[in-house]
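Enquirer: All chains should be built: construct the whole structure from the sequences, respecting the hints.
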Amino acid sequence: MMKMKLRAAGGENHRCDLNSVNGSDRESGTGAAQLDKEAVFEWFGLQLNSSGRVELLCGLLHMCQPLELRFLGACLEDLSRRDFTVLRDYEIRANCPADLEGLVDVSDPVVLSKLLVYLSLLGSKSRECAGILFRTLSRMDAGMWGALPEPETVDQLRLLFTMGSLHPAFSFYQREELRAQLDRLQRWSQFSRPGFLCPHRKNDVDWTLCSNANPHLSGTSQREGISPPHVEIPFNTEKK
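Each residue of the sequence shown is one higher than the one before, counting from 1 in the working numbering.
Honestly, the hints are just simulated from the structure, not real lab data. Hints may be right or wrong, so weigh each one.
Claimed, not checked - Only pairs whose alpha carbons sit at most 20 Å apart, straight line, appear in this in silico SDA-like list of lysine to any residue:
(1) K125 to N49
(2) K37 to N49
(3) K125 to P168
What the hints assert, rightly or not - Each pair of labels, with its calculated beta carbon distance range:
(4) E128 to E176: 14 to 22 Å
(5) L61 to Y173: 34 to 42 Å
(6) R139 to G73: 33 to 41 Å
(7) C96 to G45: 29 to 37 Å
(8) P168 to A98: 16 to 24 Å
(9) Q65 to D108: 39 to 47 Å
(10) S107 to R70: 17 to 25 Å
(11) E42 to P97: 27 to 35 Å
(12) A98 to M63: 19 to 27 Å
(13) L61 to E38: 46 to 54 Å
(14) L35 to E150: 31 to 39 Å
(15) G45 to P168: 19 to 27 Å
Values in this document were obtained by computation on a predicted structure and should not be read as measured data. We put the CB at the ideal spot given by N, CA and C, even for glycine.
Expert: Right under this line is the structure:
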């Protein structure tokens, strides 16, 4: 039975049975009262971070029927018009190969912020730009930051690789590679915490082979995991 785990403010796990609305209840609508929508909205908006919301929504969209997708597309189009003027300049840059080629120093926080914004605004058919971004992301390695980065940086990296692994502009191979990088980041960020589940010495860990990864943060169970603090996509993209 598919269940959705809801995190309460006090730290307890509440389960909302999505199958409680079925059969005649689904047809009559009376079973809808059994699903606490407000709790779902609170969990989605306050407990999940950006990467969790993005991955969950993409998974839900794949479960929708064609006409439902067309309707949701119209709703998204209307909502995106609200920020069209503000984001128009960034969208042009995000789909311009010349602008993307200049994002070289991936350890620079400003460059990292630009990558997040540009990947968010990348067109679904911008294959050339996706290729440039993929080469840039492929150069990013968890070890390049030395010690464990700040939680905000880890969340930004998690969001970056999550969006890349789901974006339609990337090829299947590219998405799989970015998903693998996301999984490595998950394991690295966990085992870099002193004494957390891993008996290896500080400089004696092969992150790709360690078998004690936290199941809540692995790629296969990420939707069920406990999310880190809420982080929004930054927009500090002023050119240096």
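Enquirer: Output the numbers, in ascending order, of every earlier hint that fails for this structure.
Expert: 1, 5, 10, 11, 12, 13
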